[in-house]
Amino acid sequence: MAEMEVKQGGHKKGPGVKKSKKQSTRVDLTPMVDLGFLLITFFIFTTTMAQPTSMNLNMPKDTDKPDENTKVKESGSLTLMLGKGNVIYYYYGSDPATMQTTGYKDVRNIILEKKKKTPAEDFFVIIKPDKDATYKNAVNILDEMNINDVSRYAMVDPTADEYNKIQLTEQAAGVK
Amino acid sequence: MARAKIKRGSTNVDMTAMCDVAFLLLTFFILAAKFKPSEAIEVVTPASVSNKHAPQKDYFNVTISKDNKVFIDMDDAMKGDVLDELGKERNIQFSDADKKAFQLATFVGVPLNQLSSFLKLTPEQLGKMTLPGIPYDSTNNQVLAWITAAVQANQGKVANFLIKGDNASKYTTFKSVIDAFKKNEIFKYNLVTNAEDVPQGSELYKKNMMSPAKSE
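So the protein lines, in turn, are chains A and B. The first sequence lines up with residues 1 to 176 when you count with my numbering. The second sequence lines up with residues 1001 to 1216 when you count with my numbering.
One or more hints might be untrue.
Stated by the list, open to error - Pairwise CB distance ranges, derived in the manner of DEER restraints:
no.	chain 1	residue 1	chain 2	residue 2	range
1	A	GLY93	B	ASN1194	31 to 37 angstroms
2	B	GLU1196	A	THR101	21 to 27 angstroms
3	A	THR169	B	ASP1075	41 to 47 angstroms
4	B	ASP1179	A	THR101	26 to 32 angstroms
5	B	ASN1051	A	ASN86	21 to 27 angstroms
6	A	ALA173	B	ALA1032	52 to 58 angstroms
7	A	ALA173	B	GLY1156	30 to 36 angstroms
8	B	ARG1090	A	MET99	44 to 50 angstroms
9	A	PHE42	B	LYS1182	40 to 46 angstroms
10	A	LYS105	B	MET1209	21 to 27 angstroms
11	B	GLN1200	A	ASN86	20 to 26 angstroms
In case anyone wonders, no lab produced these hints; they're calculated from the structure. Glycine included, C-beta positions come from ideal geometry on N, C-alpha and C.
Can you make the complete structure from the sequences, with help from the hints?
Structure, rendered in structure tokens:
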């Protein structure tokens, strides 16, 4: 296929003319085959990898009865509030006044530190995404729970006080 | 003495045939690969360490776009009488043509009053349009209506409820969707994410190392 038939002989050249050697037109196809199979392998692998994964999320049933609500020990709780601009505000226990600021990269250490300090059965993380938090923030923090093997956590709305405090902090820090 | 001359065969193999086969296979795989159905709604999902594949069967998917619009799509096997249930709930009469078009539709992205004109659109027209999304505010929560209709129409079936949100969408939208699900007594969801490696040295990483079989 890749060769062409070249007619030998034919017209005679004069005595002084050197007979030029006929070069073969055969092309080495090995690299092309290599490339072909490489592409095949690549396509086969990428098509199966593209499947999206999914994260399971189980929410509790909403209840108005106070005795059905989950009780959390103050000493073992860590509240993470997700604010605007990928910022996390966190505090221990039940006093929002001691709120501190962090980001998504450092939050893992904070969770781990608290986890080490508290008995496993008391440790509880309360996640409070505010109105300006994005879906990505929520998924990231839920993922962080998985990564740090936190078995008890809840997602609730921040109280009005907490939201105001976040707003003030954001204004002071100039977060747009 | 005359010796029989053994003709040396060339060791060059003709690669042409092999090359042909390789490219034939390549062409076949490229053409046979199922193309991702062109999505009218572009969604960039966040990453998670979860290694579970998103269910592809019996799913009911709520998509949240980056501008906080909500769209709904479901497995063909689940469509069944969804439109009938929805009509009953909202007192709307859907024509047979609408019902047929709904079976073929890949997703729903408009309020109910525009539904029949939406179902008539061709995929090309859909690509050009900016869709309003399905309203989910408390006064006219049509996302809730769709979920209720889907649950009513598929009683006894185990459905997977997927939520596919864009990175930039607001948490409040996600919460409204969750609330709509909760009103239908659905508390288990699958959040569609991109796979991500478990960070080395983290608790989950150690746990997986200890019992690799358990991580599934």
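Against the structure, the hints:
1. A:GLY93 with B:ASN1194: 31 to 37 angstroms: Cβ of GLY93 (chain A) to Cβ of ASN1194 (chain B): about 36 angstroms, so the range 31 to 37 angstroms holds.
2. B:GLU1196 with A:THR101: 21 to 27 angstroms: Holds, since GLU1196 (chain B) and THR101 (chain A) (Cβ atoms, about 25 angstroms apart) stay within the stated range.
3. A:THR169 with B:ASP1075: 41 to 47 angstroms: Once the Cβ atoms are compared, 45 angstroms apart, the range 41 to 47 angstroms for ASP1075 (chain B) and THR169 (chain A) holds.
4. B:ASP1179 with A:THR101: 26 to 32 angstroms: 29 angstroms, holds
5. B:ASN1051 with A:ASN86: 21 to 27 angstroms: 25 angstroms, holds
6. A:ALA173 with B:ALA1032: 52 to 58 angstroms: 54 angstroms, holds
7. A:ALA173 with B:GLY1156: 30 to 36 angstroms: 53 angstroms, violated
8. B:ARG1090 with A:MET99: 44 to 50 angstroms: Holds: the Cβ-Cβ distance is about 45 angstroms, inside 44 to 50 angstroms.
9. A:PHE42 with B:LYS1182: 40 to 46 angstroms: About 44 angstroms separates the Cβ atoms of PHE42 (chain A) and LYS1182 (chain B), which means 40 to 46 angstroms holds.
10. A:LYS105 with B:MET1209: 21 to 27 angstroms: Between LYS105 (chain A) and MET1209 (chain B), where Cβ atoms are some 23 angstroms apart, the hint holds.
11. B:GLN1200 with A:ASN86: 20 to 26 angstroms: 23 angstroms, holds
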